[in-house]
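Novice: One letter stands for each residue in the lines below.
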Amino acid sequence: MNIPPDLQYTPTHEWLRRDAEGVTIGITDYAQSELTDVVFVELPEVGRHLNAGHELLALESVKAVAYVYAPLAGTIAAVNEKLRKQPELINQDPYGQGWIVRLTPDQPEHTVVLLAPAAYERKLKEGD
Amino acid sequence: MSAETVFERSHPGRGTPYVAQRGAPPASLDTIPRHALRARPPALPELTEGEVVRHYTNLSRKNWAVDVGFYPLGSCTMKYNPRLAEQIAAWPEFSAAHPLRPARAAQGLLRIMYETERMLAHLCGMERFTLQPAAGAQGELCGMLMIRSYHLQHGAHRNTVIVPDSAHGTNPATAALAGFKVVTCPSSAEGLVDLRALSKLANDDLAGIMLTNPNTLGLFERDIQQVCRIVHDAGGLAYYDGANFNALVGRFRPGDMGFDVVHLNLHKTFATPHGGGGPGSGPVGVTAQLEPYLPVPLIAKGPEEFELEENRPHTIGRLNAFAGSMLVVLRAYVYLRLLGTAGLRDVSGKAVLAANYLKQRLADTYAPSHPGRCMHEFVLSAEKQREESGVRALDIAKRLIDLGFHPPTMYFPLTVPEALMIEPTETEDLETLDAFADALLQIAREAKESPELLHDAPHNTPVGRLDEVAAAKNLNVRW
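Residue numbers (the numbering used here), protein chains in the order written: chain A, 19 to 146; chain B, 232 to 710.
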């Protein structure tokens, strides 16, 4: 299972990449492999404000519908428009071309519980 | 696949078989307004009557059904239903009865409905039932609307409904449609409602809880009375989803567990085949305190005859154009009268025995979601097979088709990875249960020895593995 060392993770299988302007959010390799083929991504509206832990969007795979949660409060700055036509990018490249949204956080340090790569890997090994 | 559509099989100029109309005189085109007349005749397929019959007969032979073989689709109760109920439902006295027939001329039908309602109320420990809801989901909505009315009537604005994380997907959908906010209650390590988490969620905004018992993992919620007490103490009501009533019928009454509202699926537990696309019937029973909110009309026994009771000021209204799916109710009536209390106890007893037998035979090979005894169904995980050989629950399910069985429910509940949910029902004999267990054990060996056999399954069907991604992304429902 691919768990890049430069990202942060949530117990609900989202990843976060922080940079100067904000955070990029996607789902982990484990999450995409559990979901199997993603066939539809319900992208949220740019400009919408969300609270930490709230539902960001829904993903539909051939197996199930799953929700992606906002790891921190903020405003949606951008969505990955490519996913409208190519939801499979989430399966093919979950940490790269399969990113889902960019968020401008209200307070970058106020997040849900975040896991370092090693802690996330341990969680997966212990089963959830 | 050799199944051409009737349009492909059509030969222009061959004409269409003429089926004589019975009774009604042919309508004259003069009576139809000009603008409503079509300019060209419809493009109906043209083939002989014999070819039409063969076409549909051959299609039906590609279909899987309880009458063809074992169908252990967990959570769905795909059991064999006695032919007697079908035969009686086909009597023209029933099948040709018009739903607008006045009550006075439908006394026999109303008596059947009334007595069915009394028997269901007795089995569930409820005060009264409505037979109106057309299926389980409408029954759920009916129940939640009554809970809403009850709170409003008592001056309480309660907006939260608790649903356990293992619930059927319809439960949160129903609560949301009825205008409630849905809160998920986590399961304990044992797979049951976590009482501590429940206590934290039970506050003065709580309208109620929606539960099925046994739960979706096939486990009996043994703290159910305490669950209901916590909800009641907070001022909420408890809704029982009767989806799994097959495990309890004749032995436990939801009313005794503390539930206030119950829905049953007559098309699962009570002799109407399930999954045929309807009609269904989802009667809803309530305790005395919710009785005023039942939908109208109710079937009442007047001093001289059975009546349709319409004038009920607190009713949530009408859910069905008529009094209910009469022929489904009739099948339930026949089934209840045929089996009696002792027979119904046998239904739940054998359903639970069959599930435990299968679970025992398979538990060393596929990891059960939870150890110990189950109720009428159980969940296995193919996680071990996935780790060892990359074979997933989907591959196992597809391979079962090759071996002559309908696959179990897959990937549900979502709390179990690579879930296979098996419900054998009470109507299968020991040889069938053994043959199914043998097939699953064979598949586990194949997973180790030749996983590609499973990845490519099914092999013995008119079409092989379907491309589900393409089907979901490029939906094409027209020929």
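Hints in this document: simulated from the structure, not taken from any laboratory. Treat the hints with care, since some could be wrong.
Stated by the list, open to error - Result set (DSBU-like, lysine-lysine): computed pairs, CA atoms no more than 35 angstroms apart in a straight line: (1) B/K293 with A/K81; (2) A/K81 with A/K100; (3) A/K100 with B/K412; (4) A/K143 with B/K532; (5) A/K141 with B/K532; (6) B/K431 with A/K100; (7) B/K293 with A/K100; (8) B/K704 with B/K581; (9) A/K143 with B/K615; (10) B/K581 with A/K100; (11) A/K141 with B/K293; (12) A/K81 with B/K615; (13) A/K143 with B/K704; (14) B/K581 with A/K141; (15) A/K81 with B/K532; (16) B/K581 with A/K103; (17) B/K532 with A/K100; (18) A/K100 with B/K679; (19) B/K704 with A/K141; (20) A/K143 with B/K581; (21) A/K143 with B/K293; (22) A/K103 with B/K704.
Novice: Work down the list of hints and note, for each, if the structure agrees.
Specialist: Hints versus structure:
no.	hint	in the structure
1	B/K293 with A/K81	24 angstroms, holds
2	A/K81 with A/K100	22 angstroms, holds
3	A/K100 with B/K412	33 angstroms, holds
4	A/K143 with B/K532	63 angstroms, violated
5	A/K141 with B/K532	61 angstroms, violated
6	B/K431 with A/K100	42 angstroms, violated
7	B/K293 with A/K100	40 angstroms, violated
8	B/K704 with B/K581	43 angstroms, violated
9	A/K143 with B/K615	13 angstroms, holds
10	B/K581 with A/K100	53 angstroms, violated
11	A/K141 with B/K293	45 angstroms, violated
12	A/K81 with B/K615	19 angstroms, holds
13	A/K143 with B/K704	33 angstroms, holds
14	B/K581 with A/K141	40 angstroms, violated
15	A/K81 with B/K532	49 angstroms, violated
16	B/K581 with A/K103	50 angstroms, violated
17	B/K532 with A/K100	64 angstroms, violated
18	A/K100 with B/K679	39 angstroms, violated
19	B/K704 with A/K141	33 angstroms, holds
20	A/K143 with B/K581	39 angstroms, violated
21	A/K143 with B/K293	43 angstroms, violated
22	A/K103 with B/K704	9 angstroms, holds
Taken one by one, the earlier hints fail for this structure at numbers 4, 5, 6, 7, 8, 10, 11, 14, 15, 16, 17, 18, 20, 21, listed in ascending order.
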